[in-house]
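Peer 1: Please work from the sequences and hints to get the whole structure.
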Amino acid sequence: LKAGLSKSLKEVSDVSLPLCWKGQKVFKSVSEVKNDFKSLFLNFGKNSVMEIPPENYLIVTKYGNVCLGILDGTAAKQTFNIIGGINSYTQYPVSKIRISGIL
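Residue 35 in the UniProt record's numbering sits at position 35 of the sequence shown, and the numbers go up by one each step.
Worth flagging that the hints you see were computed from the coordinates, not collected in a lab.
Ideal placement from N, C-alpha and C gives every residue a C-beta, glycine not left out.
Hints are supplied without guarantee of correctness; some may be wrong.
[Stated by the list, open to error] Below 20 Å or equal to it, Euclidean Cα-Cα: the simulated PhoX-like pairs (lysine-lysine) are: (1) Lys34 - Lys62; (2) Lys62 - Lys22; (3) Lys10 - Lys62.
[To be verified] Label pairs and their in silico Cβ distance ranges: (4) Leu17 - Lys46: 29 to 39 Å; (5) Asn43 - Pro18: 20 to 30 Å; (6) Pro53 - Lys28: 29 to 39 Å; (7) Val49 - Lys2: 20 to 30 Å; (8) Asn35 - Lys62: 18 to 28 Å.
Peer 2: Dropping the structure here:
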């Protein structure tokens, strides 16, 4: 993820989430930075691939930074991870994949 980022983004500390970046100006929405990030792909076996576009895994904080919206559930003693942005989230262990969203 980090290797493909635009040079205009700088990693910063943000209390909202563990991994965040700031730009040359304050971000108001993910649409302003979605072209600076690539889609993520989760592979589940040989023929099952789930594409997650940037607008579904990035979150803009109240401080105007863009953050990775992927959280390791084990850090909070949970048995699942959460991947999500404003429009959707995915909660999984692989054996019980559930995808939800708000339109």
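Peer 1: Of all the hints given earlier, name the ones this structure violates by number, lowest first.
Peer 2: 6
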